[in-house]
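Visitor: Sequence:
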Amino acid sequence: MSKADKSIRTPDIQSKIAARLLDDQHYDVVFRFPGEKDEEGNASLFAHKFVLATMSDVFEKMFFGALAEKNKDEEGRTIVKIEDIKIAVFKLLLRSIYGYEIIIPDYQFGIEFVYALDKYNCLDMISIVDKIMIEFVYTKTAIKLYECAAMVNLNLLKKKCCEIFSSHTDEILFSDEFFLAAPDTVVQIYQLEKLKIGSENHLVNALQSYIKHKMENDPEIEKKVRDAVYAIRFLTLDKFDITHTTLLSHEERKAFLAEIGSSKKACFIGEFSLNRENRCLLRSPKQQKTSKCLNIIKKMLISNGYGKCEACFLSYYDDDFCTCQSFVASVTAKSQFLINLYSKYKHARIDEYDENDLAELLDTVEDIEEFS
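Each residue of the sequence shown is one higher than the last, beginning at 3 in my numbering.
Everything labelled a hint here was simulated from the structure, so no lab data went into it. Here a beta-carbon is modelled for each residue, glycine too, at the ideal position from N, C-alpha and C. Any given hint could be a false lead.
[To be verified] Derived PhoX-like pairs (lysine-lysine); straight-line CA-CA distance at most 20 Å:
#1 Lys161 with Lys196
#2 Lys160 with Lys142
#3 Lys121 with Lys51
[Said to hold, decoys possible] Label pairs and their calculated CB-CB ranges:
#4 Tyr140 with Asn277: 27 to 33 Å
#5 Lys142 with Lys74: 43 to 49 Å
#6 Phe181 with Ser251: 21 to 27 Å
#7 Tyr140 with Lys196: 16 to 22 Å
Use the sequences and the hints to build the structure in full.
Guide: This is the structure in structure tokens:
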């Protein structure tokens, strides 16, 4: 008998096992979903313990371990109630275990599927899903998908999300999704080396708004995002921005103000970034307009907004007034509006400004370029 004669191809076992999933005979486990049905009207899914245990140690312990499920129907089949995973998602989990193609219709379904894979420790499917999920990454989904990827260490997905954070930073910071982000996600964004923003002050404003939004439900939020504050390159900002941020303490503001404009290497305040390099990518026209509007407020407040000379204004920390004898304090109606506007928004994100306030802001100056 030749060598070729000894080589006999075995039947396609995988296809035969896959076919068993669609067979309503010989199954020994029933998954039930209270109050739910799939697209075919089924409220239960059927499977085979041995197949599931082969692909998942969680299923193995569930069916064959010391703590194996004891709930059985009248025919001796194990009954498992599933309440935290939708029936459509669980069906895909079973199909993937049996060798069927993994088809994910949208990013939210994908997040729920990743949760199921993680819960049942189906490691063989993780790398496949990692490649599929990167197709759903764009500005609106990047934060949720990053947090999904971080949960089970989907490295390709995490990398793709970070690329979106870097190339669409202002869109991310100005989105509703940013306020829903976990503190660790915010820290990750702020620690990136390149960001699509016009100024580090955009990071300051966004983080102040984020903290304000979260504070009521999470009193510890400032501590949780402290590493994001440390990542901000305050030495690239001007004195006005340093003076008025709520992210720094009185002593921290004083220390940074002393370093602004200094050519010496800063050596203070432990964990803060002392990097003076601009990591901001090219600004879009929309970002330039936003920055210009904020500069109008800032420059006019410096010039006459609080009845202070510029030198005293930049050293302002409390509510005391300038005592400089060379400066005549006069608060005009125009500057009073700016004082009120600043008090109202604290240089929050421009999309938080009321349309009437924005219109009046632009009307307070005859030529925007004079203040840009």
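Visitor: Hints first: check each against the structure and report whether it holds.
Guide: Structure-based check of all given hints:
1. Lys161 with Lys196: 14 Å, holds
2. Lys160 with Lys142: Holds. Lys160 to Lys142 sits at ~15 Å (cutoff 20 Å).
3. Lys121 with Lys51: 17 Å, holds
4. Tyr140 with Asn277: 27 to 33 Å: 29 Å, holds
5. Lys142 with Lys74: 43 to 49 Å: 46 Å, holds
6. Phe181 with Ser251: 21 to 27 Å: Given a distance of about 24 Å, which is inside 21 to 27 Å, the answer is holds.
7. Tyr140 with Lys196: 16 to 22 Å: The hinted range 16 to 22 Å holds for Tyr140 and Lys196, with Cβ atoms some 19 Å apart.
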